[in-house]
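J.: Chain by chain, the residues:
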Amino acid sequence: MRLWMFARRAHIYMPGSIALFGLLVWTLREEYADLPSFLMGGGGSVPLLFIAPIPICVALAATLDSRMESAESSGVRPIVIFDLGLIAITVALAVLIGIFFHSFDSSNTALAAGRNTAFLVGLMLVARVFTREAAAMVPAAWVLLVAVIGYGDGHRPRVWAVIARDGQDLPAFAISAIAFCIGILFTSVGRHGKV
Amino acid sequence: MQITECSYRYRRWSSFVLESLDYELNPGVTILLGPNGAGKSTLLRLAAGVAQPTKGAIALDGVPSGHRSYRRTVAWMPQNIPVMAGLTAREQVAYVGWLKGMSKSSAWESASDALAQVELSAQENVKMNRLSGGQVRRIGIASAMVHGAKVLLLDEPTAGLDPTQRRQFRTHLTDLRPDVRVMMSTHDVTDLAEESDHVAVLSAGRLLFEGPTSAFLAHAPSDVAPGRRAEAAYSALTD
Chain A
1 MRLWMFARRA HIYMPGSIAL FGLLVWTLRE EYADLPSFLM GGGGSVPLLF IAPIPICVAL
61 AATLDSRMES AESSGVRPIV IFDLGLIAIT VALAVLIGIF FHSFDSSNTA LAAGRNTAFL
121 VGLMLVARVF TREAAAMVPA AWVLLVAVIG YGDGHRPRVW AVIARDGQDL PAFAISAIAF
181 CIGILFTSVG RHGKV
Chain B
1 MQITECSYRY RRWSSFVLES LDYELNPGVT ILLGPNGAGK STLLRLAAGV AQPTKGAIAL
61 DGVPSGHRSY RRTVAWMPQN IPVMAGLTAR EQVAYVGWLK GMSKSSAWES ASDALAQVEL
121 SAQENVKMNR LSGGQVRRIG IASAMVHGAK VLLLDEPTAG LDPTQRRQFR THLTDLRPDV
181 RVMMSTHDVT DLAEESDHVA VLSAGRLLFE GPTSAFLAHA PSDVAPGRRA EAAYSALTD
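So the sequences go chain by chain: A and B.
Okay, so the first sequence: first residue is 1 according to this note's numbering, each after it adds one.
Okay, so the second sequence: first residue is 1 according to this note's numbering, each after it adds one.
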């Protein structure tokens, strides 16, 4: 187990990215940035916490890529279960950090940051099936897309802009959970029978 | 190890890389020869249990290749040895042993022995990304030997080794237990074919020849110099 963690470099990447996530949520939870919004006409502000899940997504992608494909696929250890456990624990920690800061000052953006981590990690895991190297960039690209064209009239998030929804929006929470589960499913299926 | 009517293709709509292959891997060292794209690496991957044949079956002492106990007894050294930048040489070899089902402590001990066999004891605690290409190759060989497998599948094990290291590698092979079966692919016909027990020649996914090395060498024209018989025999079979 320790060797697996060292091989993945999880002992370096994961604590660092979770600490950075916590720091970002703590310092940016009430911060907004004015960005041009092409379809809104007059532009608008977006929460800076949009970027908080990105370090976790990048760290997870790097961790999952740090592997011995040949030895792991011809070995007998259930490595895919360890990987899925690592992903689940990391996302759970991010959600808990969001809940923790929300409990302090009822910050919905902190709550949304945890939820968005689940959504963006799911997106990244699905992207890894199609493009291993570029998958780490997909969450950042999605965040940018939402910031630029994710809002409609009256600064209301569009249907697909899940990460822009309020932290207590239940449908957004459900969609994020589904996206995360699909990512987990793709990861577990994608490993079997790989040549 | 028995390979029965084995065919393989990477995609449903693609052509077969291996076709109706029947083969039994005998004890001793078997050299797998063939031109690039003949299916040598694919055959070794299938035999390693990494992928399942599209048709047919591969089994070792009756245990099918998808089974855990099969994979536990087979070692595979791929052409490209992965370099885990965060691990030392000993950690990487021990990790492979642990992946093959050894306990952490026995994998750790065995890794040290395997590194000694390939004369890398001095580099035990060196990070993998600081080793030379030849040393990484020897780490691959140590990784294949770490868990005492009954079958060693080696894909171009001597590529990138200097002549001295090649000689040492051949010594490691002769030092193996007599019941260990080795199948290794190589392009180094002259160097290895005359020191093996059996030879198999693949071409376009089909087995052109399989048999004892003496039978393989008999395909060489009689006027060929002894040092070039393997090369001549290979040319006679594949041309």
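Watch out, some of these pointers could steer you wrong.
[Claimed, not checked] Quick list of in silico lysine to aspartate or glutamate cross-link-like pairs, EDC-like style, CA-CA up to 20 Å: (1) B:K55 with B:E19; (2) B:K104 with B:E124; (3) B:K127 with A:E69; (4) B:K127 with A:E31; (5) B:K104 with B:D61; (6) B:K127 with B:E109.
[Stated by the list, open to error] Chain A regions said to be covered by chain B (calculated; three or more residues, Cβ under 8 Å): (7) 2–14; (8) 172–179.
Keep in mind that the hints were calculated from the coordinates and are not lab data.
Note that beta-carbon positions come from the ideal geometry of N, C-alpha and C, so glycine has one too.
J.: State for each hint whether it applies.
T.: Evaluation of the provided hints:
no. : hint               : in the structure
1   : B:K55 with B:E19   : 9 Å, holds
2   : B:K104 with B:E124 : 17 Å, holds
3   : B:K127 with A:E69  : 19 Å, holds
4   : B:K127 with A:E31  : 43 Å, violated
5   : B:K104 with B:D61  : 27 Å, violated
6   : B:K127 with B:E109 : 18 Å, holds
7   : 2–14               : holds (count 7)
8   : 172–179            : violated (count 0)
Hints 4, 5, 8 from the list above are not met by this structure, while the remaining hints are.
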